[in-house]
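Start from the sequences, fold in the hints, and give me the full structure.
Under my numbering, the residues of the sequence shown are numbered 1038 to 1136, in order.
Don't take each hint at face value.
Stated by the list, open to error - Estimated spans, in silico, between C-beta atoms of each pair:
# : residue 1 : residue 2 : range
1 : Pro-1063  : Val-1097  : 18 to 26 Å
2 : Ala-1062  : Thr-1095  : 38 to 46 Å
3 : Val-1057  : Val-1121  : 32 to 40 Å
4 : Val-1097  : Ile-1071  : 44 to 52 Å
5 : Thr-1043  : Thr-1075  : 15 to 23 Å
6 : Phe-1107  : Phe-1064  : 23 to 31 Å
Hints in this document: simulated from the structure, not taken from any laboratory.
As the structure is a computational prediction, the values presented were derived from the model and not from experiment.
Note that beta-carbon positions come from the ideal geometry of N, C-alpha and C, so glycine has one too.
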Amino acid sequence: MNLEATRDVEPAGGGWFGRVGRLAAPFIGLFLVIGIFTVIEPQAFASVRNAQTIAVQTVVVGIGAIGMCFVIVSGGIDLSIGSVIALASVTGALTLDAG
1038 MNLEATRDVE PAGGGWFGRV GRLAAPFIGL FLVIGIFTVI EPQAFASVRN
1088 AQTIAVQTVV VGIGAIGMCF VIVSGGIDLS IGSVIALASV TGALTLDAG
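This is the structure we're talking about:
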């Protein structure tokens, strides 16, 4: 039986730089993609109208994601976000059509 104290081992790629790199990598990738599309199509991509369109299209997914966060945090894990959004969209469209 070995009674020696165990030592802490840092994970691979650990340290401050590795930790910041893992956290910042998605944002760096996002800004890189935005930069590439801005250079390729400056008139179409880097416009106020395009930013408004992107914001309007992401609202539905964002609201669904926030709702699913509440469901998961409360302990009722339900990962059927697509079907819930589809049902809500159809219900809303039928309600608007009915007047």
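Hint check results:
The hint said 18 to 26 Å for the Cβ distance between Pro-1063 and Val-1097, and at roughly 21 Å that hint holds. Roughly 21 Å separates the CB atoms of Ala-1062 and Thr-1095, a value that falls outside the hinted 38 to 46 Å. Our hint of 32 to 40 Å for Val-1057 and Val-1121 holds, since their Cβ atoms are close to 36 Å apart. For Val-1097 paired with Ile-1071, a C-beta distance near 21 Å fails the hint of 44 to 52 Å.
Here the CB-CB span from Thr-1043 to Thr-1075 is close to 51 Å, at odds with the stated 15 to 23 Å. Look at Phe-1107 against Phe-1064: about 25 Å separates their beta carbons, and that is inside 23 to 31 Å.
Violated hints, in rising order: 2, 4, 5; the structure is consistent with all others.
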